[in-house]
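Full structure from sequences and hints, please.
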Amino acid sequence: MNRGKPVVYVDSSVLIASIGNESYGEWAREVLAGQEVVSSAIAKVELARFVHRVGQLSDRIRAVMSAVSFAKVDDQAIAAATAVSGEVKALDALHVGTWARMQSLGLNCPFITADRKQAAAALSVGATVVHPYGGDLL
1 MNRGKPVVYV DSSVLIASIG NESYGEWARE VLAGQEVVSS AIAKVELARF
51 VHRVGQLSDR IRAVMSAVSF AKVDDQAIAA ATAVSGEVKA LDALHVGTWA
101 RMQSLGLNCP FITADRKQAA AALSVGATVV HPYGGDLL
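Just so you know, we're using this note's numbering here: the sequence shown kicks off at 1 and counts up by one.
Where hints are given, some of them may not hold.
Result set (DSSO-like, lysine-lysine): computed pairs, CA atoms no more than 30 Å apart in a straight line [as the list claims (entries may be wrong)]: (1) Lys5 <-> Lys117; (2) Lys89 <-> Lys72; (3) Lys5 <-> Lys44; (4) Lys72 <-> Lys44; (5) Lys89 <-> Lys117; (6) Lys89 <-> Lys44; (7) Lys44 <-> Lys117; (8) Lys72 <-> Lys5; (9) Lys72 <-> Lys117.
I should point out that these hints are in silico values taken from the structure, not numbers from a laboratory.
Below you can see the structure in the form of structure tokens.
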């Protein structure tokens, strides 16, 4: 990672939104501009599903994938994910768990998501959350 830029953790909703005409696309592109972007390795699977859905691997998708540092999902991330597993879907819980694992290693960064439930789950474990919903999460 390049320590010259602010580091942010993003979930797949932000990565996918930043690629094209998804909801919150403009917001996602603005919030990621000039940031060192980190996401969970599971985002690779979620991005591959998006590629399958749209039917092509565009230059924009390639650019997004190459700009992200992907963090491994280890036992500590999985353990942290269980803390929110009742609040969100399994892959979303793993994103929160991966963020929590990064915090335990000393990488203090905000959690950026375009998913209301995931934002609430990340807040519940102490994350500074950036989302497009203002003060209205639920």
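Hints versus structure:
{"no.": "1", "hint": "Lys5 <-> Lys117", "in the structure": "holds (28 Å)"}
{"no.": "2", "hint": "Lys89 <-> Lys72", "in the structure": "holds (19 Å)"}
{"no.": "3", "hint": "Lys5 <-> Lys44", "in the structure": "holds (23 Å)"}
{"no.": "4", "hint": "Lys72 <-> Lys44", "in the structure": "holds (11 Å)"}
{"no.": "5", "hint": "Lys89 <-> Lys117", "in the structure": "holds (9 Å)"}
{"no.": "6", "hint": "Lys89 <-> Lys44", "in the structure": "holds (17 Å)"}
{"no.": "7", "hint": "Lys44 <-> Lys117", "in the structure": "holds (21 Å)"}
{"no.": "8", "hint": "Lys72 <-> Lys5", "in the structure": "holds (21 Å)"}
{"no.": "9", "hint": "Lys72 <-> Lys117", "in the structure": "holds (23 Å)"}
In summary, the structure agrees with every hint in the numbered list given earlier.
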